[in-house]
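Chain residues, written in single-letter form:
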Amino acid sequence: DAKTTQPTSMDCAEGRAANLPCNHSTISGNEYVYWYRQIHSQGPQYIIHGLKNNETNEMASLIITEDRKSSTLILPHATLRDTAVYYCIVRAEYNFNKFYFGSGTKLNVKP
Amino acid sequence: NAGVTQTPKFQVLKTGQSMTLQCAQDMNHNSMYWYRQDPGMGLRLIYYSASEGTTDKGEVPNGYNVSRLNKREFSLRLESAAPSQTSVYFCASAPGAGGTGELFFGEGSRLTVL
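Listed in order, the protein sequences are those of chains A and B. When we follow our numbering, the leftmost residue of the first sequence carries the number 56, and every step to the right adds one. When we follow our numbering, the leftmost residue of the second sequence carries the number 10, and every step to the right adds one.
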C-alpha cells in the first residue's frame with residue numbers, strides 16, 4: 056500500500072472550514088483513500104473514503120486531485136468536538152485486511 | 010447495539026505474567042483486527058483474521074498470539090508480558106471482502122506492565 060504524509064498538527068477557528076491535507080504520491084490505480092479520526096483516546100471512527108471522484112457525506116467532504124497524488128479532507132464548519140487526530144490511509148481494494156494507520160494530523164479547533 | 014466489545018478495559022500486570030484480551034463483535038463481520046497504540050503514536054497492526062479459522066501477522070506481532078475462536082470472537086494473548094507491551098489495545102472488525110472497507114473499533118483496553 057502507498058505511504059501517506061500528513062502534517063503533524065493544524066489549528067482551525069471554530070465555525071470555519073478545516074482543510075486537512077494528505078500526500079500519497081505513490082498511490083496506484085486500485086488504491087482507495089480513507090480518512091478516520093480519533094477523538095481523545097477513543098477508538099478511531101470512519102469518516103469517508105474515495106477512489107478518484109470527490110465524495111461528500113454528513114461528516115465531511117473528500118477532494119482527491121486529478122492525478123490522485125494528494126487529497127484534502129474538509130470539515131465545512133469545525134466545532135470544538137472536531138478536535139481529534141485525523142488519519143489518512145491508502146489501501147488497495149484487494150488488500151482489504153492490511154489497514155495501516157500512520158501518525159495522523161492533530162487538529163485543534165479553537166474558540 | 011453493542012458493536013465491538015473489549016474486555017478488560019484496564020489491566021495491570023507484572024513482567025512475565027500472562028493474560029488474554031478478549032474481543033467480540035455482533036455485526037456478523039468476517040474480518041477482525043488487533044492494534045496497539047503507544048502514547049502520542051498512531052495505531053500499529055498486531056494481528057488480523059480475514060475470516061473464521063485464519064490469522065495473519067501485522068506490523069508488530071512479536072510477543073503476541075491470537076485465536077479466532079469463532080466468527081464473533083478474536084482474542085489476543087500475551088504469554089510473558091514485558092514493559093514494552095504497555096499500551097492501549099484496540100480491537101476492530103470489518104465486513105471483509107466486498108464491504109466498504111470501514112473498520113469498527115472497540116473502546117480500547119489499557120494495559121500497564123510493571
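None of these hints come from the bench; they were simulated from the model. Some hints could be false.
Listed next, the stretches of chain B that the computed footprint assigns to chain A, with coverage defined by at least 3 CB atoms under 8 Å from CB atoms of chain A [claimed, not checked]:
#, segment
1, 73-79
2, 84-94
3, 115-123
Pairs of lysine-lysine, BS3-like flavour, derived with a Cα cap of 27 Å [as the list claims (entries may be wrong)]:
#, chain 1, residue 1, chain 2, residue 2
4, B, Lys18, B, Lys80
5, A, Lys161, A, Lys58
6, B, Lys23, A, Lys153
7, A, Lys124, A, Lys153
8, A, Lys58, A, Lys153
9, B, Lys80, A, Lys161
10, A, Lys153, B, Lys66
11, B, Lys66, B, Lys80
12, A, Lys107, A, Lys165
13, A, Lys107, A, Lys124
14, A, Lys58, A, Lys107
15, A, Lys153, B, Lys80
16, A, Lys58, B, Lys66
17, B, Lys18, B, Lys66
Computed list of chain B residues with no C-beta within reach of chain A, every gap over 10 Å [claimed, not checked]:
#, residue
18, Ala11
19, Asp35
20, Met36
Virtual Cβ for every residue (Gly too), placed ideally from N, Cα, C.
Comparing the hints with the structure gives:
Only residues whose C-beta sits within less than 8 Å of a C-beta in chain A count toward coverage, and the segment 73-79 of chain B has 0 of them, not enough to reach three; the restraint is violated. With 0 residues having a Cβ less than 8 Å from any Cβ of chain A, the segment 84-94 of chain B misses the three-residue criterion, and the hint is violated. For the segment 115-123 of chain B, the stated coverage by chain A holds: 3 residues have a C-beta nearer than 8 Å to a C-beta of that chain, and at least 3 were required. Distance check on the hinted pair: B:Lys18 and B:Lys80 sit about 22 Å apart at the alpha-carbon level, within 27 Å; holds.
Taken as a hint, the A:Lys161 and A:Lys58 pair is honoured in the structure, with Cα atoms around 18 Å apart against an allowance of 27 Å. For the hint pairing B:Lys23 with A:Lys153, the CA-to-CA distance comes to about 32 Å; that exceeds 27 Å, so the pair is violated. In summary, the hint linking A:Lys124 to A:Lys153 is supported, as the alpha carbons are separated by about 20 Å, within the 27 Å threshold. For the suggested pair A:Lys58 and A:Lys153, the alpha carbons sit about 13 Å apart, so the restraint of at most 27 Å is met.
At most 27 Å may separate the alpha-carbon atoms for a hinted pair to count; B:Lys80 and A:Lys161 exceed this at roughly 35 Å. Pair hint A:Lys153 plus B:Lys66 holds up; C-alpha atoms about 10 Å apart against a cutoff of 27 Å. For the proposed pair B:Lys66 and B:Lys80, the alpha carbon gap of about 18 Å is at most 27 Å, so the pair holds. The straight-line distance between the Cα atoms of A:Lys107 and A:Lys165 is roughly 32 Å, outside the 27 Å bound, and the hint therefore fails.
Between A:Lys107 and A:Lys124, the direct Cα distance comes to roughly 10 Å. Compliance with the 27 Å bound is thereby established for this hinted pair. For the hint pairing A:Lys58 with A:Lys107, the CA-to-CA distance comes to about 17 Å; that is within 27 Å, so the pair holds. This hinted pair checks out: A:Lys153 and B:Lys80 have alpha carbons roughly 19 Å apart, not beyond 27 Å. Restraint check for A:Lys58 and B:Lys66: the C-alpha separation of about 19 Å stays at or below 27 Å, so the hint holds.
A C-alpha spacing of about 24 Å is found between B:Lys18 and B:Lys66, which places the hinted pair at or below 27 Å, so the restraint holds. At the 10 Å boundary, the C-beta of B:Ala11 stays outside the reach of chain A, the nearest C-beta of that chain being 13 Å off. Distance check on B:Asp35: its Cβ is at least 16 Å (rounded) from any Cβ of chain A, clearing the 10 Å threshold; non-interface status holds. Once the 10 Å rule is applied to beta carbons, B:Met36 is consistent with being away from chain A; the minimum gap is 13 Å.
In this structure, the earlier hints numbered 1, 2, 6, 9, 12 are contradicted, and the remaining ones agree with it.
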